Amino acid sequence: MARAITTLFFSLITIQSIVGQTGQLISSTNKPSVRLSVQTTEINSIKIYEQVTVVSISFTSYEDNLSLFISSKSTICDFYNESDKLPIIGVKNDELDKLYNLGKKGEITNIELLFPRIPPGVEKINIDLPFENGTLVWFLVSINNPDTHPKTNWNEESLKIDWEKNGISSIEGIYESTTDSKEAPKYKVAVKKTENNYSIIYISGAAFRHWEVGEIKAYLYDTATPSLFKTKWFLGNKSPTENVYITFESGLMKLISTDKNAPELQQLYLKLYPTYNSIGAISSGTGFALTSNGLIVTCNHVIEGANKINVRGINGNFDELYSAKLIKSDKNNDLAIIQVDNTKFNTLGNIPYMIKSNPASTGENVFVLGYPLRASMGNEIKLTNGIVSSKTGYQGDVTSYQISAPVQPGNSGGPTFNNDGNLIGIINAKHSGAENVSYAVKVNYLLNLIASLEPKPKTQSVSSLKGKTLSQQVELVKKYVYIIETK
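Numbering of the sequence shown is given in the working numbering, commencing with residue 1 and proceeding in unit increments.
Hints listed in this document are in silico derivations from the structure and should not be mistaken for laboratory results.
Computed list of lysine to aspartate or glutamate pairs in EDC-like fashion (alpha-carbon distance at most 20 Å, straight line):
hint	residue 1	residue 2
1	85	50
2	487	319
3	230	195
Ranges between beta-carbon positions, derived for each pair:
hint	residue 1	residue 2	range
4	317	293	11 to 21 Å
5	137	379	51 to 61 Å
6	134	256	40 to 50 Å
7	432	470	21 to 31 Å
Computed from a predicted structure; not experimentally measured. Every residue gets a Cβ at the ideal spot worked out from N, C-alpha and C, and that includes glycine.
Model the full assembly from the supplied sequences, consistent with the hints where possible.
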């Protein structure tokens, strides 16, 4: 005689809302093999979603009015590591910690148990449902759950080698959590620039054994605010959440979470690397394009004594670092020409400005572009403007102009343009004892340096800046003004 089939409807959280929050189905196992199971029960299926595991179990009542107790202490765990127990979230459409009547003898009741997501790669599990006089156990359950978590080949050593060779952006580095508990482990992670944005790479510290060095802990996405990122963060069980934001400031990485049920998101990370001496003391100045094939002008004092010269900002990309070499310097007039020397380099583009060989006039309007005080002011190009205050520089130096455009450390090597957008000088100093007194080497000395090169490079003879507003000129020029880093 056919047995009647009934279905209990439970819920701390309904299955519909859980699936709605957790995205697509990752894997499904129907009628999984079980080494040891509870008599009169059968596991129908185990479905793994991005954030939850749904276990469907059939109970056959072996007597009339048999009761079943679903406890909030029920767990699912990795067969090989029972310390990685995940507590039950709920059951479909009703409550935990209560008795449910399974009906008459012979009736079958289907129950769907909701657990957190089982970490990818765990393919043998145990399920425990404790009750007053014992525990219902399904032991060594085999499931389809391959490890598909995103991975990289990076480790701490290879990351440091890469950064020392190719340079490091301001937020890249090794970070460690300042907390240490099972709920909020002391993670050590690396922030690494990728092709499109940044990723956080796991190094050590996870409470779950399933984490391996080089796996992705989070993806970072730009927002409208510099140094503030929206993220896709992978929790301890590798389930993703997008309820976390990250900010970087003064050697710290702060997690800002809207998920109060995930303690690991309430963490502060301390930057461990680079230290001051780990990459070497990096100094920074400004340079600008001379020719499309990679010749760049800067000040001699910016690159003098450097073991390595790098250029940042080519084609507007400040996360890509290009190595460069010294071509010619003029120590007396504090000028240098460097050449981009990198296999990734193609072109600087069509230079929009020209060098004005005629002397500038006192009172002529000028503007300066550069990257001063980057540690506090960031990598965005800075504009200051003023006039030519004098045709001579410090103590009557005839090689320089005195200008009223304010400059700061880091502006050295930056271009000075007149009202028509023609290059008239190169910033190399400021007067520390006076307000808005800056000095720019006259371009005639740059022309002399260019003339000494063999073969002599062909510089731009036509300007596309004349007649444009200051903001239009800056928009055209800024792509050709770079950060020069040396160590």
